[in-house]
Amino acid sequence: MGKYRVVHYLNQFFAEIGGEEKVNIPPLVKEGAIGPGRILQQALGEEWEIVATVICGDSYFAENIEEASAKVVELISSYQPDVFVAGPAFNAGRYGVACGASCSAVGKKLGIPVVTGMYKENPGLDIYRKEVYITPTSNSARRMKDDIPAVASLLRKLGLGQEIGSPQEEGYFPRGLRVNRFVDRTGAERAVDMLLLKLKGEPFQTEYSMPTFERIPPSPPIGDLRSATIALVTSGGIVPRGNPDRIESASASKFAGYDIAGLDALTPAAYETVHGGYDPVYANEDPDRVLPLDAMRALEKDGTIGKLYDRYYVTVGNATSVANSERFGKAIAAELKSAGVGGVILTST
Amino acid sequence: MKEIDRAGLPVVHVAAIVPISLAVGANRIVPAVAIPHPLGNPALPKDEERQLRLNLVKKALQALQVEVEEQTVFEE
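So the sequence lines, in the order shown, correspond to chains A and B.
Oh and the first sequence: position 68 is 68 in the numbering used here, straight run, nothing missing.
Oh and the second sequence: position 59 is 1059 in the numbering used here, straight run, nothing missing.
Calculated from the structure, these hints are not laboratory results.
It cannot be assumed that every hint is accurate.
[To be verified] Derived pair list, reagent style DSSO-like, types lysine-lysine, alpha-carbon separation capped at 27 Å:
#  : chain 1 : residue 1 : chain 2 : residue 2
1  : B       : 1046      : A       : 254
2  : A       : 22        : B       : 1046
3  : B       : 1059      : A       : 301
4  : A       : 337       : B       : 1059
5  : B       : 1046      : A       : 301
6  : A       : 307       : B       : 1059
7  : A       : 120       : A       : 3
8  : A       : 330       : B       : 1059
9  : B       : 1046      : A       : 337
10 : A       : 157       : A       : 120
11 : A       : 301       : B       : 1058
12 : A       : 330       : A       : 301
13 : B       : 1046      : A       : 307
[What the hints assert, rightly or not] Label-pair restraints from in silico Cβ distances:
#  : chain 1 : residue 1 : chain 2 : residue 2 : range
14 : B       : 1045      : A       : 64        : 20 to 26 Å
15 : B       : 1074      : A       : 80        : 39 to 45 Å
16 : A       : 276       : B       : 1042      : 18 to 24 Å
17 : B       : 1066      : A       : 253       : 34 to 40 Å
18 : A       : 243       : B       : 1058      : 27 to 33 Å
19 : A       : 338       : B       : 1058      : 24 to 30 Å
20 : A       : 3         : B       : 1058      : 36 to 42 Å
21 : A       : 47        : B       : 1069      : 15 to 21 Å
22 : A       : 64        : B       : 1058      : 34 to 40 Å
Bear in mind the structure is a predicted one, so any value in this text is a computation, not a measurement.
For glycine and all other residues, C-beta sits at the position ideal for the given N, C-alpha and C.
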């Protein structure tokens, strides 16, 4: 009997094609395993063969999700894969979206098992977890060797058509499915057991966890724009040249506020981006492309808005943790409120 | 962004990748141009690019003046 055929998805970086200068390449396919695929090949064992690797630039995929997914399906179908695997994407947001979307499309169109891996804060997780088996990984590719075996073991089980247990048993992110099964004790008895454990302060396992992604009720709209002060905030890393507060280009630990009173536009001589993970050429040529100071100033002058707030706030959104982002957001919100700002435009790259 | 909304300040997310903005929970979303230049397009002549940015900012300001009940993407 022949080997099980595996096709692997990677981004331009892990496929060793290039870094940020190659993020716009459209999907292409290469024979055999590349980079992380070699580790995956070892973990899968001899009965499995990575016959091809499909590759796409992160920005190309994230900006053309439907088209790129369709192209991935088209490119790999001639390889007749038995299973499809993507990444893992760790905490890379665009890559996570690409891994989730390509798995979802391949699963639907080719009807084969699909698996990917991500860090728990990757935005791709919540978009695709219902359609795709996603195993938890660390937040950095430094742990690639530790994270791949879980991907491989789930992929093997799915490929062999073995029964897949609960997320806790198998080690994948819950997909929000409810599975009926027979148990000895009624729901009432089990609920009382859980309640007693909770009262005693002991650990217990819920049978139906509530979604944890918190939603905030939308704030009421601005009444009269012509008398309102509007502030600009960005996660795109636009800072005064030289980055005086040393905001990190990834996994930011801080934000900063800078004075823009009297400025009509952001010049490349005075401002730059420190955001890692995207091609900085366009933002450095004209920082207004990320933080639209020139447009806001024009609208202030013609009376569309009452005032542009004298400071803007900036951090870097690249792989920055949810906890840090919440902390920055609280502090920025408090400053804006006390300054009487009426509304905020937040731009993200 | 959610913390700004939580504080009762209306905030609009001008975002290059709308699915990510939706996943993280933005309530008012205006789709941007592209990741490395969300409010610009280097392929356009300077004055047309400025007009594009002005239009995007106007759309964002408009979103701040609309009452929304749930996550809303302000398309063209």
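Here is what the structure says about each hint:
1. B:1046 <-> A:254: Given pair residue 1046 of chain B, residue 254 of chain A is violated - Cα atoms ~34 Å apart, limit 27 Å.
2. A:22 <-> B:1046: 25 Å, holds
3. B:1059 <-> A:301: 18 Å, holds
4. A:337 <-> B:1059: 23 Å, holds
5. B:1046 <-> A:301: 20 Å, holds
6. A:307 <-> B:1059: 17 Å, holds
7. A:120 <-> A:3: 33 Å, violated
8. A:330 <-> B:1059: Since the Cα atoms of residue 330 of chain A and residue 1059 of chain B sit roughly 26 Å apart, the hinted pair holds (cutoff 27 Å).
9. B:1046 <-> A:337: 35 Å, violated
10. A:157 <-> A:120: 22 Å, holds
11. A:301 <-> B:1058: 14 Å, holds
12. A:330 <-> A:301: Answer violated: residue 330 of chain A to residue 301 of chain A is near 30 Å, above 27 Å.
13. B:1046 <-> A:307: Measuring from Cα to Cα gives roughly 25 Å; hence the hint holds.
14. B:1045 <-> A:64: 20 to 26 Å: 25 Å, holds
15. B:1074 <-> A:80: 39 to 45 Å: Check passed, 44 Å falls within 39 to 45 Å.
16. A:276 <-> B:1042: 18 to 24 Å: This hint holds: roughly 20 Å between Cβ atoms.
17. B:1066 <-> A:253: 34 to 40 Å: Between residue 1066 of chain B and residue 253 of chain A, where Cβ atoms are some 35 Å apart, the hint holds.
18. A:243 <-> B:1058: 27 to 33 Å: 31 Å, holds
19. A:338 <-> B:1058: 24 to 30 Å: Since residue 338 of chain A and residue 1058 of chain B have Cβ atoms about 28 Å apart, the given range 24 to 30 Å holds.
20. A:3 <-> B:1058: 36 to 42 Å: Between residue 3 of chain A and residue 1058 of chain B, where Cβ atoms are some 58 Å apart, the hint is violated.
21. A:47 <-> B:1069: 15 to 21 Å: 53 Å, violated
22. A:64 <-> B:1058: 34 to 40 Å: Given about 26 Å between the Cβ atoms, the range is violated.
Going through the hint list in order, the structure does not satisfy hints 1, 7, 9, 12, 20, 21, 22.
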